[in-house]
Amino acid sequence: MSRSLLNLVFALVLCASISFFGENFIASNFAYYYDILISIGVNIILATSLNLVNGYTGQFSLGHAGFMAVGAYASASWSNHLDPIIFGIVNGSGNPVATNAAMFVSMLFAGAMAAIAGFAVGVPSLRLKGDYLAIVTLGFGEIIRVAILNLDFLGASRGLSVPGTYTNLFWTYGSVVLCIYVVLSLVHSTYGRGFLTVRDDEVAAEAMGINTTKYKVAAFVVAAFFAGVAGALYAHFKAFLTPEGFNFFRSVDVVVIVILGGMGSTIGVVFAAVLLTILPEALRGLAHTEFVPAAYQVLLENRLILYSLLLIILMLTRPQGLFGDGTAFKKWLGRSRAD
Amino acid sequence: MAGTLTGRLMESLLKLNNCTIRFGGLTAVSCFSMAIAKGELVGLIGPNGAGKTTVFNMVTGVYRPTEGEVLLAGERLNGLKPYAITGKGIARTFQNIRLFGSLTVFDNVRAAFNLHLKHGPIHALTRGKAFLNEEGAIEKRTLELLKIFNLERFRKAMCKSLPYGDQRRLEIVRALATEPKLLLLDEPAAGMTPTEKSNLMKLIEFVRETFDISVLLVEHDMRVVMGICHRIYVLDYGVQIAEGPPSEIRSDPRVIEAYLGEA
Chain A
24 MSRSLLNLVF ALVLCASISF FGENFIASNF AYYYDILISI GVNIILATSL NLVNGYTGQF
84 SLGHAGFMAV GAYASASWSN HLDPIIFGIV NGSGNPVATN AAMFVSMLFA GAMAAIAGFA
144 VGVPSLRLKG DYLAIVTLGF GEIIRVAILN LDFLGASRGL SVPGTYTNLF WTYGSVVLCI
204 YVVLSLVHST YGRGFLTVRD DEVAAEAMGI NTTKYKVAAF VVAAFFAGVA GALYAHFKAF
264 LTPEGFNFFR SVDVVVIVIL GGMGSTIGVV FAAVLLTILP EALRGLAHTE FVPAAYQVLL
324 ENRLILYSLL LIILMLTRPQ GLFGDGTAFK KWLGRSRAD
Chain B
3 MAGTLTGRLM ESLLKLNNCT IRFGGLTAVS CFSMAIAKGE LVGLIGPNGA GKTTVFNMVT
63 GVYRPTEGEV LLAGERLNGL KPYAITGKGI ARTFQNIRLF GSLTVFDNVR AAFNLHLKHG
123 PIHALTRGKA FLNEEGAIEK RTLELLKIFN LERFRKAMCK SLPYGDQRRL EIVRALATEP
183 KLLLLDEPAA GMTPTEKSNL MKLIEFVRET FDISVLLVEH DMRVVMGICH RIYVLDYGVQ
243 IAEGPPSEIR SDPRVIEAYL GEA
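Residue numbers (this note's numbering), protein chains in the order written: chain A, 24 to 362; chain B, 3 to 265.
Where hints are given, some of them may not hold.
[Said to hold, decoys possible] Straight-line distance between alpha carbons at most 27 Å, and here's what the computed DSS-like set of lysine-lysine pairs gives:
no., chain 1, residue 1, chain 2, residue 2
1, B, K204, A, K237
2, A, K152, B, K183
3, B, K149, B, K120
4, B, K83, A, K152
5, A, K237, B, K149
If you are wondering where the hints come from, they were derived from the structure by calculation, not from laboratory data.
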């Protein structure tokens with residue numbers, strides 16, 4: 024087994040043991056932080072997968088929430104209808120083996136459905152470039168949302184309850200690890216250099232024998248798959264889905280994370296996902312403490328304004344993202360590899 | 003050099019048969035025929051707007067000829083996508099350098115090995131032995147190629163940080179990594195100093211011999227074209243006005259007229 028694969032297995036085992044020993048303790052004693060922890064995981068998956076499309080391949084997709092919605096509703100419907108039959112789970116309660124198996128299957132199903140949606144959207148729309156692609160993907164996201172809003176078996180605007188809260192730290196951070204592994208090992212190969220050539224110069228890439236359409240579709244499908252997985256995690260954590268949870272602003276949130284982290288820098292995007300999930304909550308926490316003088320309390324009460332202001336400042340000072348394309352970070356780590 | 007005309011046509015690698023291309027009402031190239039033999043170095047010249055780059059784009063699949071056919075070793079290339087044509091064995095460089103700006107010198111060349119890659123995305127994920135062996139082999143060949151062109155000391159540098167002449171050479175190295183039978187060079191001498199031009203002429207000759215390939219050269223600089231080409235085609239307003247060895251072309255009255263106007 025190669026070293027990178029060993030690292031992956033090690034990371035997965037680590038996630039499993041943390042989940043096995045610490046899950047209940049964290050969930051019952053620090054429920055609020057547990058909630059944030061899961062949100063961070065979901066956002067990391069969404070952002071690192073979108074980074075493959077927007078960062079490494081240089082396409083501009085604004086429809087990631089759409090794929091997440093496909094995954095969330097797919098896994099919810101699967102669990103609602105099939106879990107009682109396959110795993111004997113009634114009203115979301117069953118033995119741990121059954122619920123974990125059910126979670127695994129529904130995540131796979133969610134990813135597969137989102138990947139199919141990604142393929143269906145990608146093939147026709149990836150002929151478009153730049154702004155046009157952004158508009159088409161934005162349109163796709165809205166179509167998904169409005170479709171769900173009108174589909175009665177998905178709960179329409181009433182929302183859809185998902186039995187059981189299967190999502191735990193293992194599934195969340197296991198998926199995070201897997202997503203990062205997939206993106207990094209794809210990009211760090213001769214095959215994966217193709218994604219970067221598409222971003223840098225499509226004409227030159229074609230002239231070097233690289234099928235740019237194939238690469239764009241591949242990036243889109245992989246990203247959609249993981250958005251679907253993130254959707255499944257979200258669905259089985261919140262236990263209740265509404266179409267409004269997957270609106271245009273959800274997509275923008277993910278794009279903001281990718282841009283802030285630095286397009287094409289996985290480590291930067293992971294960092295930004297953590298930062299931008301914690302920041303609004305941290306600002307909320309600061310609002311009612313004694314550390315902040317009363318005069319500034321009003322600023323913190325309008326924390327979304329402050330949040331936007333921080334984003335603007337960050338973008339002005341680090342237009343290439345927190346970590347740029349990652350080369351500076353690698354240098355800082357003191358290792359310079361050929362890839 | 004290829005012998006008689008018939009002999010040349012027999013063993014021609016690239017053949018254009020009466021290729022015409024129209025953009026709306028404008029005929030950019032009309033009834034252009036050309037043959038390039040294996041190992042031959044052919045020049046394509048003409049005044050500005052004569053249609054040289056259009057011919058280039060027709061061969062590489064960027065444009066599709068309205069009439070006529072493009073054949074590589076007898077195989078029809080009409081309608082193939084540019085990447086597929088590169089797969090058949092035609093590689094090119096660009097008039098204005100188009101390197102992959104965010105990649106290192108090493109990765110620019112490595113990316114071009116994609117074409118003959120045996121492994122795919124799944125292998126990149128599983129990282130099996132065969133995958134690692136192939137990656138190692140590609141790395142070795144990339145470094146070999148860079149070494150031949152004295153670029154290996156820049157391998158970790160970003161390609162944009164290279165001097166202009168080296169960037170042009172890197173483009174040629176990248177094109178060679180696709181293992182072409184025919185190399186198309188689009189104005190390689192543009193923007194070069196006289197010394198760089200002399201080096202370029204040696205380089206092109208060297209590439210042709212070392213890699214045993216044919217070269218089609220589009221160039222404005224007459225010293226370069228006349229100095230190294232075996233045969234030259236001259237285009238004016240999309241029509242071929244002359245064809246022959248440099249010595250003939252230099253004294254051809256139609257060529258002189260096209261370049262300098264009527265005497």
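Hints, one by one, checked against the model:
With a CA separation close to 38 Å, the supplied pair B/K204 and A/K237 exceeds the 27 Å bound. With a CA separation close to 32 Å, the supplied pair A/K152 and B/K183 exceeds the 27 Å bound. Only pairs whose Cα atoms come within 27 Å are accepted, and B/K149 paired with B/K120 is accepted, the gap being roughly 24 Å. Restraint check for B/K83 and A/K152: the C-alpha separation of about 18 Å stays at or below 27 Å, so the hint holds.
Annotation: proposed proximity of A/K237 to B/K149 is violated, straight-line Cα distance about 32 Å (limit 27 Å).
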